[in-house]
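Engineer: Sequence:
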Amino acid sequence: MSVLSMIEGIVYEVMKFLKSGNADEAKESHFLELLVKKPEEFTRLVVILKMAHEAVREDKFITKRSIYYSNPILFKRQSIIDPLLSKICKELSLPRCALKINASSKLIVYGDIYLGIGYESDVIKRNNLGIPESLFKSGYEVIISECLPQFILIIEKDTIFRKLLNEKFYEKFKPCLLVTAKGYPDLITRKFLAQINCKHPNIPIIGLFDADPHGINVFCTYKYGTMNPMMQNENGNPISIPNLQLCGLLPTEISS
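Using numbering that gives the first Met the number 0, the first residue of the sequence shown is number 0, and each one after it goes up by one.
Just to be clear, a hint being listed does not mean it is correct.
Here are the simulated DSS-like cross-link-like pairs (lysine-lysine), alpha carbons at most 25 Å apart as the crow flies [claimed, not checked]:
(1) K37 - K59
(2) K181 - K171
(3) K59 - K18
(4) K36 - K105
(5) K37 - K75
(6) K15 - K49
(7) K105 - K15
(8) K181 - K162
(9) K105 - K156
(10) K49 - K156
(11) K198 - K162
(12) K36 - K59
(13) K105 - K37
(14) K105 - K181
(15) K49 - K59
(16) K59 - K15
(17) K105 - K173
(18) K36 - K49
(19) K37 - K49
(20) K181 - K167
(21) K156 - K167
With beta-carbon atoms standing in for the labels, derived distance ranges [what the hints assert, rightly or not]:
(22) K173 - I79: 17 to 25 Å
(23) S19 - R64: 35 to 43 Å
(24) P71 - K162: 50 to 58 Å
(25) I72 - E170: 46 to 54 Å
(26) G182 - S65: 50 to 58 Å
These are computed hints drawn from the structure, not numbers from a lab.
C-beta atoms are modelled at their ideal positions from N, C-alpha and C, and glycine is treated no differently.
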């Protein structure tokens, strides 16, 4: 069943329930139960489903931010959208990317790399750190420029990323690629790196993270992915970077 059909199936259930008024039907569906018990939350879910349906139909991505600003009075704050998306993904057994909903990209890359979609392409130069979010839609392809990097360095903290640039790290070790998601990695960053890992498995990928539980958690999220259905790929599998190796000081190397 297509994603569009699944969303339309929920709408059909709701319309049928409103027509029949049978309270027993509400017990069999989480969405119908919300309609009866939490009408405001149900309304928010319907707005998200409507925008997701439009995005899937037009094959374009939307962001959580755009959902919030479509009706800020209804949503009240942007943080409320994540748990609502979790409910939708769980009910439909779909990853968030299947609904064409992304968080605003946190990804920053330093190095020479091509991003292409069909006949469209863009080049990320060394002096242009941001990757255009418009490129992250169905069918985009990551193409490393002519000279393959010797390695890819993933940096947890944006401050360390900037420090390495200021200290001319690239000039000393080029060709290489520096990547950060400014903390915990978003879906776009992980998909970007996973595609490079898949296409160029011989390029070493090294991670520079804090030697504390949070830093190790960030490393594991990059390397192994997550079972959160919202953060999986189109096939419902974790987005992983199996070649990623931990670099730097380890917790076991710190003496009391």
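Engineer: Take the hints in turn and mark each one as holding or not.
Structural biologist: Structure-based check of each hint:
1. K37 - K59: 30 Å, violated
2. K181 - K171: Given pair K181, K171 holds - Cα atoms ~23 Å apart, limit 25 Å.
3. K59 - K18: With a Cα-Cα distance of about 33 Å, the restraint between K59 and K18 is violated, given a limit of 25 Å.
4. K36 - K105: Outside the cut-off at roughly 37 Å; violated.
5. K37 - K75: The given pair, whose Cα atoms are some 16 Å apart, holds under the 25 Å limit.
6. K15 - K49: 18 Å, holds
7. K105 - K15: Violated, at roughly 42 Å.
8. K181 - K162: 13 Å, holds
9. K105 - K156: The given pair, whose Cα atoms are some 12 Å apart, holds under the 25 Å limit.
10. K49 - K156: With a Cα-Cα distance of about 36 Å, the restraint between K49 and K156 is violated, given a limit of 25 Å.
11. K198 - K162: 29 Å, violated
12. K36 - K59: 33 Å, violated
13. K105 - K37: 33 Å, violated
14. K105 - K181: 7 Å, holds
15. K49 - K59: 14 Å, holds
16. K59 - K15: Cα-Cα ~30 Å, so violated.
17. K105 - K173: Answer holds: K105 to K173 is near 24 Å, not above 25 Å.
18. K36 - K49: Holds. K36 to K49 sits at ~21 Å (cutoff 25 Å).
19. K37 - K49: 19 Å, holds
20. K181 - K167: Since the Cα atoms of K181 and K167 sit roughly 19 Å apart, the hinted pair holds (cutoff 25 Å).
21. K156 - K167: 17 Å, holds
22. K173 - I79: 17 to 25 Å: 44 Å, violated
23. S19 - R64: 35 to 43 Å: 38 Å Cβ-Cβ, so the 35 to 43 Å window holds.
24. P71 - K162: 50 to 58 Å: 37 Å, violated
25. I72 - E170: 46 to 54 Å: 51 Å, holds
26. G182 - S65: 50 to 58 Å: 22 Å, violated
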